[in-house]
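Trainee: Each chain, written out:
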Amino acid sequence: MNTQMIFFLVFAIIAIACAVLVMKLSRISHRVVAMAFSFFAVAGLYFLLGAEFIGIIQIIVYAGAVTILFIFGMMMTEHRNVTFGSHPRKAHRVLSFLGVGTLLGVLLYGILNMDLATKEPTIYEKGTAHEIGLELYGNYVVPLIGMGFLLTAALIGAIVIARKEAK
Amino acid sequence: MVSINLYLALAAILFCIGLYGVLTRRHLVIVLASVELMLNAVNINLVAFSSIGPVVNITGQVFTLFVISVAAAEVAVGLAILIALYRNKGSIDVIKHDLLRW
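From first to last, the protein sequence lines stand for chains A and B. Take 1 as the starting number for the first sequence in the working numbering and just add one per residue. Take 1 as the starting number for the second sequence in the working numbering and just add one per residue.
Check the hints yourself; a few may be wrong.
To be verified - In silico EDC-like pairs for lysine to aspartate or glutamate, Cα to Cα no more than 16 angstroms straight-line: (1) K89(B) to E165(A); (2) K96(B) to E78(A); (3) K126(A) to E78(A); (4) K89(B) to E131(A).
It should be emphasised that the hints constitute simulated quantities derived from the structure, not laboratory data.
Start from the sequences and build out the full structure, keeping to the hints where you can.
Mentor: Quick look at the structure:
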């Protein structure tokens, strides 16, 4: 077992454990913190894969901005003593568990029986901002501009939706 | 060297945890957080194929950037909708918001 495998296992266990904690913890604030740690673990996996730029972006956007947005969303809604009554649709949870479990089983069966890389794989050591920028402003310049429009529309739309209605 | 199958298996597990959360959790903020977990799993797949797949290429990482941008826009609009829903109905229980259910 080499160093990469150890780091992969550490990050994978942190990511999965924090994702389970997001489902299982009782307080909403603890759940959001667990989600942030899951994002950090995924960023560590990106560094392990040699994609440094994506890892940095993951930390900035997900672990930073999205987590802060979630904390604000949590603060502006009901977050103390959130207890819901009994679930009116009892079969819902069982059916969801069965469906998701079946999907996971099929996915894992397919993935672990797959033989993709017959030769010894080599890490692509070029996940730098230079390479990504050349590709982004070369082949993908039209989607990049479209993404700018999407982010502008999302910014304006979020403000318009969330503000108080004028009397 | 970690084989790509382990990364894909990890992404599948994270995706299924997120999907289960979307289907069963009742707090709206947690439902949105589960959607973010699912998008993260997809990003792991893209970066894994970009770095150690059969054909290594930078394109997967460019696509990951686009997915991250769309996720940021989605969470901004989603939380705005959530706040508007909470202001109008006074509840963040998913089951209370069933106007479009037949």
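Trainee: Taking the hints in turn, state whether each one holds.
Mentor: Right, here's what the structure says about each hint:
1. K89(B) to E165(A): holds, 14 angstroms
2. K96(B) to E78(A): OK: K96(B) and E78(A) at ~14 angstroms, within 16 angstroms.
3. K126(A) to E78(A): At roughly 45 angstroms apart (the allowed maximum being 16 angstroms), E78(A) and K126(A) break the hint.
4. K89(B) to E131(A): The hint is violated at about 49 angstroms.
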